[in-house]
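Participant: What follows is each chain in one-letter form.
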Amino acid sequence: MNRSTLLLSALLLAGCSSAAQGAPNTAIATQSGPDHPAAFHGAPPASDPVLDGAPPIVPAVAPSAAARAPEPVAPPLVQKVQARFSCDIDIDRTSSGIRVTPVVRAHKTLSGEYSLVITKSGAGGSSDISQGGPFDAAHGERVRLSTSEFSMERGAKFRAVLKVRAGGREVCRDIVS
Amino acid sequence: MLNARLKLASLALIAMVGAGAAEAQGRYDRYGYHAPKAAAVDVQQSGRGNGAAVSQNGPRNAAAIRQDGVANTGMINQTGAANDATIRQYGKNNDASISQVGDNNVACVVQVGRNLSAGVVQEGSGLSAGVVQTKKGSYAIPGRLCALDPANRGYWNRIGVKGY
Numbered sequence: 000m001n002r003s004t005l006l007l008s009a010l011l012l013a014g015c016s017s018a019a020q021g022a023p024n025t026a027i028a029t030q031s032g033p034d035h036p037a038a039f040h041g042a043p044p045a046s047d048p049v050l051d052g053a054p055p056i057v058p059a060v061a062p063s064a065a066a067r068a069p070e071p072v073a074p075p076l077v078q079k080v081q082a083r084f085s086c087d088i089d090i091d092r093t094s095s096g097i098r099v100t101p102v103v104r105a106h107k108t109l110s111g112e113y114s115l116v117i118t119k120s121g122a123g124g125s126s127d128i129s130q131g132g133p134f135d136a137a138h139g140e141r142v143r144l145s146t147s148e149f150s151m152e153r154g155a156k157f158r159a160v161l162k163v164r165a166g167g168r169e170v171c172r173d174i175v176s
Numbered sequence: 000m001l002n003a004r005l006k007l008a009s010l011a012l013i014a015m016v017g018a019g020a021a022e023a024q025g026r027y028d029r030y031g032y033h034a035p036k037a038a039a040v041d042v043q044q045s046g047r048g049n050g051a052a053v054s055q056n057g058p059r060n061a062a063a064i065r066q067d068g069v070a071n072t073g074m075i076n077q078t079g080a081a082n083d084a085t086i087r088q089y090g091k092n093n094d095a096s097i098s099q100v101g102d103n104n105v106a107c108v109v110q111v112g113r114n115l116s117a118g119v120v121q122e123g124s125g126l127s128a129g130v131v132q133t134k135k136g137s138y139a140i141p142g143r144l145c146a147l148d149p150a151n152r153g154y155w156n157r158i159g160v161k162g163y
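Residue numbers (numbering that gives the first Met the number 0), protein chains in the order written: chain A, 0 to 176; chain B, 0 to 163.
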């Protein structure tokens with residue numbers, strides 16, 4: 000009885016350790032928060048490590064306070080523009096559905112272009128709305144760029160994406176669904 | 000007898016459509032067309048399987064699509080400024096499109112019935128065109144009548160079409 004129990008335990012332990020050794024590695028990366036500046040430039044930052052499956056060989060260095068201190072990095076232009084500019088999608092219920100109003104507010108006079116894409120699907124039908132064009136926002140002014148109203152029957156879904164460009168760059172984005 | 004039946008059918012359809020039909024937010028008065036302050040889109044659909052697509056690039060454009068029925072499709076493309084387009088379709092399997100390039104153009108397509116198809120293309124400025132289509136025929140109307148709603152009483156008289 001004792002022998003058979005010991006034998007069974009040994010077999011189970013061996014099976015578990017071999018399964019752990021043979022299991023593939025899994026990595027999940029999640030980013031959240033404000034838009035990453037690299038997204039506006041379309042190119043990854045040069046400091047990004049190359050993911051070739053093997054850890055880079057780095058000579059061991061004794062930790063020190065100086066090595067841990069982050070290097071001062073100049074904020075990119077995009078963040079500066081974002082700081083003095085904001086965009087939102089206002090959603091209002093109407094008697095027949097929903098009204099979508101993209102709004103921008105600039106803390107300094109700014110000109111740019113916007114694009115708003117709305118997709119709606121439901122039993123009554125589907126709608127694709129795309130609006131865009133130039134805009135001018137004065138200092139501290141809240142500018143309504145356009146209005147889009149559409150019917151929303153029960154169970155219908157929609158998604159609205161607002162992108163604002165100024166100075167040749169995307170400076171703001173808002174998504175509502 | 001046939002005329003009376005058609006009238007009854009039209010009235011029933013119009014009553015079914017009811018109030019609240021979409022219309023572009025621009026307006027006409029005795030001084031002409033006035034575009035909205037900001038670009039505007041209004042899409043109202045009821046029934047099932049309808050499809051609507053609106054694309055506008057430019058300031059103060061206005062577009063509206065109203066579809067009641069089954070499998071109607073409407074498409075509006077506008078590039079420029081202060082253009083106005085309206086599509087109204089009541090029935091089944093109708094297809095309408097409006098394309099405008101330029102400024103201050105007004106166009107509309109109204110279709111009542113089945114398997115109808117109509118399109119308006121305008122390139123230029125200050126152009127105006129409207130098409131009303133039923134199974135009995137197609138009628139051209141001026142742009143200033145595009146804001147009229149077929150759900151309203153006296154619509155056919157106001158657009159100058161007899162026999163409805």
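It is worth saying that the hints were derived from the structure and are not from the lab. One or more of the hints may lead you astray.
Straight-line C-alpha distance at most 30 angstroms; calculated DSS-like pairs for lysine-lysine [what the hints assert, rightly or not]:
no.	chain 1	residue 1	chain 2	residue 2
1	B	LYS91	B	LYS134
2	B	LYS135	B	LYS91
3	A	LYS162	A	LYS107
4	A	LYS162	B	LYS134
5	B	LYS91	B	LYS36
6	B	LYS161	B	LYS135
7	A	LYS156	B	LYS91
8	B	LYS36	A	LYS107
9	B	LYS36	A	LYS156
10	B	LYS134	B	LYS161
Participant: For a quick check of understanding: which of the numbered hints are violated here, in increasing order?
Facilitator: 4, 5
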